[in-house]
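Undergrad: These protein sequences, in sequence, are chains A and B.
Residues 1 to 209 (our numbering) are what the first sequence spells out, left to right.
Residues 1001 to 1319 (our numbering) are what the second sequence spells out, left to right.
Do not take every clue at face value.
[Claimed, not checked] Taking lysine-lysine pairs in the DSS-like style, the calculated list, with each CA pair at most 30 Å apart, reads:
id : chain 1 : residue 1 : chain 2 : residue 2
1  : B       : K1202     : A       : K190
2  : B       : K1152     : A       : K81
3  : B       : K1263     : B       : K1152
4  : A       : K123      : A       : K172
5  : B       : K1295     : A       : K121
6  : B       : K1067     : B       : K1245
7  : A       : K190      : B       : K1067
8  : B       : K1245     : B       : K1176
9  : B       : K1262     : B       : K1152
10 : A       : K44       : A       : K121
11 : B       : K1263     : B       : K1245
12 : A       : K44       : B       : K1263
13 : A       : K44       : A       : K3
14 : A       : K121      : B       : K1273
15 : A       : K175      : B       : K1176
16 : B       : K1288     : B       : K1202
17 : A       : K161      : B       : K1158
18 : B       : K1318     : A       : K190
19 : B       : K1277     : A       : K166
20 : A       : K52       : B       : K1318
21 : A       : K81       : A       : K53
22 : A       : K161      : B       : K1240
23 : A       : K81       : B       : K1263
24 : B       : K1155     : A       : K161
25 : B       : K1176     : A       : K123
26 : A       : K52       : A       : K103
Treat the hints as calculated values from the structure; they're not laboratory data.
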Amino acid sequence: MGKSVLKYAIAAIVFILVAYKSVYFKKLDEVKAEQSAKTFDAAKYAENFWTKKLTPGLHNAVDIDTLIPMLSSNPRQAFDKYSHALGIGNLRYFLIQGKGNVKAIGEDDITLSITRLPDQKIKIATLFIFGNAVRDASGMVNINDFNNTMDFNNVSAEINKIIRVKVLPVVKQLKVGDDVTFTSAIELNKAHLNLSQIEAIPVAVQTIH
Amino acid sequence: MKHSFAIKPFVACLFVLMLLLCSCGNHAGSGKHKKIAVIVSTLNNPWFVVLAQTAAAQAQALGYETKIFDSQNNTSVEADNFENAISAGYNAILFNPTDADGSVSNVQEAKSAGIPVFCMDREVNSVDAATSQILSDSYSGCVAIGKYFVEKMNKRGKYVEILGLVGDNNTWNRSKGFHSVVDFFPGLTMVAQQSADFDRNKAMEVMESILQAHPDINGVFCGNDAMASGAYQALVAAGKANDVKVFGFDGAQDVIESIQAKKILATGMQFPKVIAKTAAMYADEYFKGKRDFPKKMPVEVELVTQENVNDYTGYGKKE
Chain A
1 MGKSVLKYAI
11 AAIVFILVAY
21 KSVYFKKLDE
31 VKAEQSAKTF
41 DAAKYAENFW
51 TKKLTPGLHN
61 AVDIDTLIPM
71 LSSNPRQAFD
81 KYSHALGIGN
91 LRYFLIQGKG
101 NVKAIGEDDI
111 TLSITRLPDQ
121 KIKIATLFIF
131 GNAVRDASGM
141 VNINDFNNTM
151 DFNNVSAEIN
161 KIIRVKVLPV
171 VKQLKVGDDV
181 TFTSAIELNK
191 AHLNLSQIEA
201 IPVAVQTIH
Chain B
1001 MKHSFAIKPF
1011 VACLFVLMLL
1021 LCSCGNHAGS
1031 GKHKKIAVIV
1041 STLNNPWFVV
1051 LAQTAAAQAQ
1061 ALGYETKIFD
1071 SQNNTSVEAD
1081 NFENAISAGY
1091 NAILFNPTDA
1101 DGSVSNVQEA
1111 KSAGIPVFCM
1121 DREVNSVDAA
1131 TSQILSDSYS
1141 GCVAIGKYFV
1151 EKMNKRGKYV
1161 EILGLVGDNN
1171 TWNRSKGFHS
1181 VVDFFPGLTM
1191 VAQQSADFDR
1201 NKAMEVMESI
1211 LQAHPDINGV
1221 FCGNDAMASG
1231 AYQALVAAGK
1241 ANDVKVFGFD
1251 GAQDVIESIQ
1261 AKKILATGMQ
1271 FPKVIAKTAA
1281 MYADEYFKGK
1291 RDFPKKMPVE
1301 VELVTQENVN
1311 DYTGYGKKE
């Protein structure tokens, strides 16, 4: 009788010890804080990229007066020298700058004629500010620095948000006839080059008074 | 005499064994007798069949013995495939994962065994497990589809999204790329979002049930072409094929034909043959001593519409 009581007592102690060691409690706030610390902050990354990397280097963007004639005469050299892209494919991105005159204001974009190349028109997007053009045209964001492509793509979405907040209000003030300086990201297909329909994502636009 | 008979076979065996060992060493050095395993998420979808067969064919063309392993969209089958490939002495693995998180341990196991793994199309959520990951740029492709979708829907209407496997990063990269555009247009309302696991038959069933609750939809975006074909089939059966615009993703042969026939509006052309050939070439370069591979190599996706469909064929561009 005494032995079996001892046996049950030991079993109960072992059970309580195992149960105690198997379960632990943590404040939900702490768990959430730990998770958010591990989560990549795309908005913060994009803000840093915009203020510390992209905008200080905008003067390095290729002048459209140089790029367009080179794309016509020697496209391969133009793509090799001035474009960026992440991987395998025909789509390449350029960061361009130049001067132009506002010719038309549409529902989704503003048409500029280039001051020194009056036959050349580009459309500055005012609605379709999407995709990776700015991130990739800069050549300054490396996919291999990111744990997964979702984080990498979220950076683009955040850069596009910054453009909507900081750049579009200026672009939407433009009127037909205004002279402007601009810096923009453009996407061109090296296998099907079409210079008559260049669409540009604005990075900086200023009216010349 | 007895003594001499006992020794001779032993010496002969030793000699043959040494010859075999030398011969193996020489072949390994030349790379001609190395073996490459192709482990693919499923062979129940023509896109992955093209991916696996192209990878195997390219590896064979480079002089390697190959075998294709089907993971049947099941991470535990995939784990068995890895164990089998490792124990069978394969020297490299060209890998299309079933799950971005769930497949990491399999890749790690191969890495621990000294076997390089080259991911194809789908990603694993680890920066150092795979030797290199050659991935479709699904997000950018779906941004392009999203823009085309908005234009074709005239910025308004009700639509449905049919998702792929929820554990696959491509599913969410596609969905996020699409929504990064479409969500900016308040006139476009998503009335249902459901997974059909990248499967044609499941997509047909999902579409049938959605149509019962939402008979007035104007558009469907599907995370791959197999699901787009299934959704279109359900719309035909419901007599709504002319009222609902269907958009896919992949560039599968039957969907390219459907775009030409004006049944499906657009798809994102991935290039499975480019991805597979790049992976096989990377494995070849690895055997020859190269080690500095890009951890991730995106492969661009192109928008195929009724305006440019004649430039394309199934799974690629016309030569």
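Undergrad: Taking the hints in turn, state whether each one holds.
TA: Checked hints:
Restraint check for K1202 of chain B and K190 of chain A: not satisfied, since their Cα atoms lie roughly 39 Å apart, outside the 30 Å limit. Restraint check: the Cα-Cα separation between K1152 of chain B and K81 of chain A comes to about 36 Å, which exceeds 30 Å; the hinted pair is violated. For the suggested pair K1263 of chain B and K1152 of chain B, the alpha carbons sit about 14 Å apart, so the restraint of at most 30 Å is met. In summary, the hint linking K123 of chain A to K172 of chain A is supported, as the alpha carbons are separated by about 13 Å, within the 30 Å threshold.
Taken as a hint, the K1295 of chain B and K121 of chain A pair is broken in the structure, with Cα atoms around 39 Å apart against an allowance of 30 Å. Of the supplied pair hints, the one linking K1067 of chain B and K1245 of chain B is violated, its CA atoms being roughly 40 Å apart against a limit of 30 Å. Annotation: proposed proximity of K190 of chain A to K1067 of chain B is violated, straight-line Cα distance about 37 Å (limit 30 Å). The suggested pairing of K1245 of chain B with K1176 of chain B holds, with an alpha-carbon distance near 20 Å, which does not exceed 30 Å.
For the proposed pair K1262 of chain B and K1152 of chain B, the alpha carbon gap of about 13 Å is at most 30 Å, so the pair holds. For a cut-off of 30 Å, the pair hint linking K44 of chain A to K121 of chain A is broken: about 35 Å separates their Cα positions. For the given pair, K1263 of chain B sits about 8 Å from K1245 of chain B by alpha-carbon distance, which is consistent with the 30 Å threshold. With a C-alpha separation of about 43 Å, the suggested pair K44 of chain A and K1263 of chain B falls outside the 30 Å cut-off, and the hint is violated.
Distance hint between K44 of chain A and K3 of chain A is unfulfilled; the C-alpha atoms sit about 67 Å from each other, more than 30 Å. Proposed proximity of K121 of chain A and K1273 of chain B is contradicted: the alpha carbons are some 37 Å apart, above 30 Å. Between K175 of chain A and K1176 of chain B the alpha-carbon distance is near 35 Å, which puts this suggested pair outside the 30 Å criterion. Simply put, K1288 of chain B and K1202 of chain B have alpha-carbon atoms about 44 Å apart, too far for the 30 Å limit, and the pair is violated.
The suggested pairing of K161 of chain A with K1158 of chain B holds, with an alpha-carbon distance near 25 Å, which does not exceed 30 Å. This hinted pair checks out: K1318 of chain B and K190 of chain A have alpha carbons roughly 16 Å apart, not beyond 30 Å. Straight-line distance between C-alpha atoms of K1277 of chain B and K166 of chain A comes to about 43 Å, which puts the hinted pair past the 30 Å bound. Between the alpha carbons of K52 of chain A and K1318 of chain B the distance comes to roughly 44 Å, so the proposed pair goes past 30 Å and is violated.
With a C-alpha separation of about 20 Å, the suggested pair K81 of chain A and K53 of chain A falls inside the 30 Å cut-off, and the hint holds. At roughly 37 Å between alpha-carbon atoms, K161 of chain A and K1240 of chain B are farther apart than 30 Å, so this suggested pair is violated. As the CA atoms of K81 of chain A and K1263 of chain B are separated by approximately 42 Å, the hinted pair breaks the 30 Å bound. In summary, the hint linking K1155 of chain B to K161 of chain A is supported, as the alpha carbons are separated by about 20 Å, within the 30 Å threshold.
Pair hint K1176 of chain B plus K123 of chain A holds up; C-alpha atoms about 26 Å apart against a cutoff of 30 Å. Distance check on the hinted pair: K52 of chain A and K103 of chain A sit about 33 Å apart at the alpha-carbon level, beyond 30 Å; violated.
Hints 1, 2, 5, 6, 7, 10, 12, 13, 14, 15, 16, 19, 20, 22, 23 and 26 from the list above are not met by this structure, while the remaining hints are.
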